[in-house]
Amino acid sequence: MQDYEELWKKRMQNVEMAQRMSGKKPTIRPTKETLISCYQRELALVKSTGNQVTACNSIITLTYAPCTEPLSSLRRVPLTELVLETVHRGKYVVFKTLMESDKAVGIRTVIEDPEGNVDLFSLYNYALDKHYLDILPVGIIIALKEPYYKVTAGGGTMLRCDHPQNVIYLDADDALVRQLTWKSGVPNSTLENKKLLSFDEYRLKGNELFRQEKYYDAVAIYTKGLASTSSESNIITLRLNRAAALLKLEHYEATLDDCRKILELNVENEKALYRAAKAFYALEEYEQALIKMQLYTKVTSNKTEAENELQRIRDRLHEKQHGIYDWNVM
Numbered sequence: 002m003q004d005y006e007e008l009w010k011k012r013m014q015n016v017e018m019a020q021r022m023s024g025k026k027p028t029i030r031p032t033k034e035t036l037i038s039c040y041q042r043e044l045a046l047v048k049s050t051g052n053q054v055t056a057c058n059s060i061i062t063l064t065y066a067p068c069t070e071p072l073s074s075l076r077r078v079p080l081t082e083l084v085l086e087t088v089h090r091g092k093y094v095v096f097k098t099l100m101e102s103d104k105a106v107g108i109r110t111v112i113e114d115p116e117g118n119v120d121l122f123s124l125y126n127y128a129l130d131k132h133y134l135d136i137l138p139v140g141i142i143i144a145l146k147e148p149y150y151k152v153t154a155g156g157g158t159m160l161r162c163d164h165p166q167n168v169i170y171l172d173a174d175d176a177l178v179r180q181l182t183w184k185s186g187v188p189n190s191t192l193e194n195k196k197l198l199s200f201d202e203y204r205l206k207g208n209e210l211f212r213q214e215k216y217y218d219a220v221a222i223y224t225k226g227l228a229s230t231s232s233e234s235n236i237i238t239l240r241l242n243r244a245a246a247l248l249k250l251e252h253y254e255a256t257l258d259d260c261r262k263i264l265e266l267n268v269e270n271e272k273a274l275y276r277a278a279k280a281f282y283a284l285e286e287y288e289q290a291l292i293k294m295q296l297y298t299k300v301t302s303n304k305t306e307a308e309n310e311l312q313r314i315r316d317r318l319h320e321k322q323h324g325i326y327d328w329n330v331m
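To get this note's numbering, take the position in the sequence shown, counting from 1, and add 1.
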């Protein structure tokens, strides 16, 4: 009982400290070498426990909704511009992962932004059918929409993401990544493996992973495939496939990003219109879903499916506009 009371006291002290730091920048930032060294010691300690069962907890000082804005509408900021205990609406950060990830309640790793600033990043509520080392492997590039910056239980700082759909996986060849100047060198996680497989090999491998319902793996393979080709038709094919996998993962904004880029090349692409409509529907943006589904109806041969989907969207719009719901169905 005494141990529990002491733990509770420490947790409340942490909450009070977080409240005091709200809206402020951290007074001290560890160097890259110091942060990596501390992280390595903690990781080694975790691994030394072997198969012991450990109880973990996480302190939440605020709750927040996921970002529903496309990445293109947000402003990139460096890690040093973030303030504590704040969800940075209208902004995003770009970083690469530096270390092997660790898992307690969330998945944690060390990150570095283009300016060379470092911090910890922790991802929560991720897919349980995916191994944590595959979700945040070393060397990947991420755009994190509307980041939440917080005080950790130990008094340090950390980027925390409770909504996996706020995480956008980027490729080293992505225009957003290429236009940035990286202090520690341009990330090359994809470039290193760029020529290992052909377009068809990436496509077939990704499709097989998709059939196996390994959607995270499929997204990674399609992303590598995009770096292996400059053909417009190949790019459309891989983006369509990646959009399908992202839709399965409920990463709706990322799905829309791929669909938008496809429709810029082919405004009547049937699959892109359909997947965009499904993503907008999931985001409860029914007006946009209706527009895309109407366009899909014009180009598809499957009129019955299209009309059924249109009716579903119109039902949701009617409910939203008039506040009349079919409670028996719900």
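These aren't lab readings, by the way, just hints derived from the structure by calculation.
Note that this is a predicted model, so its numbers are computed, not measured.
It is possible that some hints are incorrect.
The calculated lysine-lysine pairs, modelled on DSS-like cross-linking and capped at a C-alpha distance of 25 Å, are [to be verified]: (1) K249 to K206; (2) K272 to K262; (3) K262 to K249; (4) K249 to K272; (5) K206 to K262; (6) K249 to K104; (7) K262 to K92; (8) K48 to K92; (9) K33 to K92; (10) K25 to K92; (11) K184 to K92; (12) K206 to K272; (13) K33 to K104; (14) K299 to K215; (15) K215 to K184; (16) K48 to K104; (17) K249 to K304; (18) K262 to K26; (19) K299 to K262; (20) K215 to K104; (21) K272 to K299; (22) K215 to K304; (23) K262 to K321; (24) K33 to K262; (25) K48 to K33.
Now the in silico label distances, taken between C-beta atoms and shown as ranges [said to hold, decoys possible]: (26) G324 to N126: 29 to 35 Å; (27) K304 to Q213: 40 to 46 Å; (28) D135 to E6: 37 to 43 Å; (29) E17 to A105: 31 to 37 Å; (30) S199 to E286: 24 to 30 Å; (31) R313 to K25: 15 to 21 Å.
Note that CB positions come from ideal geometry on N, CA and C, so glycine has one too.
Cross-check of the supplied hints:
{"no.": "1", "hint": "K249 to K206", "result": "holds (17 Å)"}
{"no.": "2", "hint": "K272 to K262", "result": "holds (13 Å)"}
{"no.": "3", "hint": "K262 to K249", "result": "holds (19 Å)"}
{"no.": "4", "hint": "K249 to K272", "result": "holds (15 Å)"}
{"no.": "5", "hint": "K206 to K262", "result": "holds (23 Å)"}
{"no.": "6", "hint": "K249 to K104", "result": "holds (24 Å)"}
{"no.": "7", "hint": "K262 to K92", "result": "holds (21 Å)"}
{"no.": "8", "hint": "K48 to K92", "result": "violated (36 Å)"}
{"no.": "9", "hint": "K33 to K92", "result": "holds (24 Å)"}
{"no.": "10", "hint": "K25 to K92", "result": "holds (17 Å)"}
{"no.": "11", "hint": "K184 to K92", "result": "holds (21 Å)"}
{"no.": "12", "hint": "K206 to K272", "result": "holds (20 Å)"}
{"no.": "13", "hint": "K33 to K104", "result": "holds (21 Å)"}
{"no.": "14", "hint": "K299 to K215", "result": "violated (33 Å)"}
{"no.": "15", "hint": "K215 to K184", "result": "violated (34 Å)"}
{"no.": "16", "hint": "K48 to K104", "result": "holds (11 Å)"}
{"no.": "17", "hint": "K249 to K304", "result": "holds (23 Å)"}
{"no.": "18", "hint": "K262 to K26", "result": "violated (37 Å)"}
{"no.": "19", "hint": "K299 to K262", "result": "holds (20 Å)"}
{"no.": "20", "hint": "K215 to K104", "result": "holds (20 Å)"}
{"no.": "21", "hint": "K272 to K299", "result": "holds (12 Å)"}
{"no.": "22", "hint": "K215 to K304", "result": "violated (31 Å)"}
{"no.": "23", "hint": "K262 to K321", "result": "violated (29 Å)"}
{"no.": "24", "hint": "K33 to K262", "result": "violated (36 Å)"}
{"no.": "25", "hint": "K48 to K33", "result": "holds (22 Å)"}
{"no.": "26", "hint": "G324 to N126: 29 to 35 Å", "result": "holds (30 Å)"}
{"no.": "27", "hint": "K304 to Q213: 40 to 46 Å", "result": "violated (32 Å)"}
{"no.": "28", "hint": "D135 to E6: 37 to 43 Å", "result": "holds (40 Å)"}
{"no.": "29", "hint": "E17 to A105: 31 to 37 Å", "result": "violated (23 Å)"}
{"no.": "30", "hint": "S199 to E286: 24 to 30 Å", "result": "violated (38 Å)"}
{"no.": "31", "hint": "R313 to K25: 15 to 21 Å", "result": "violated (47 Å)"}
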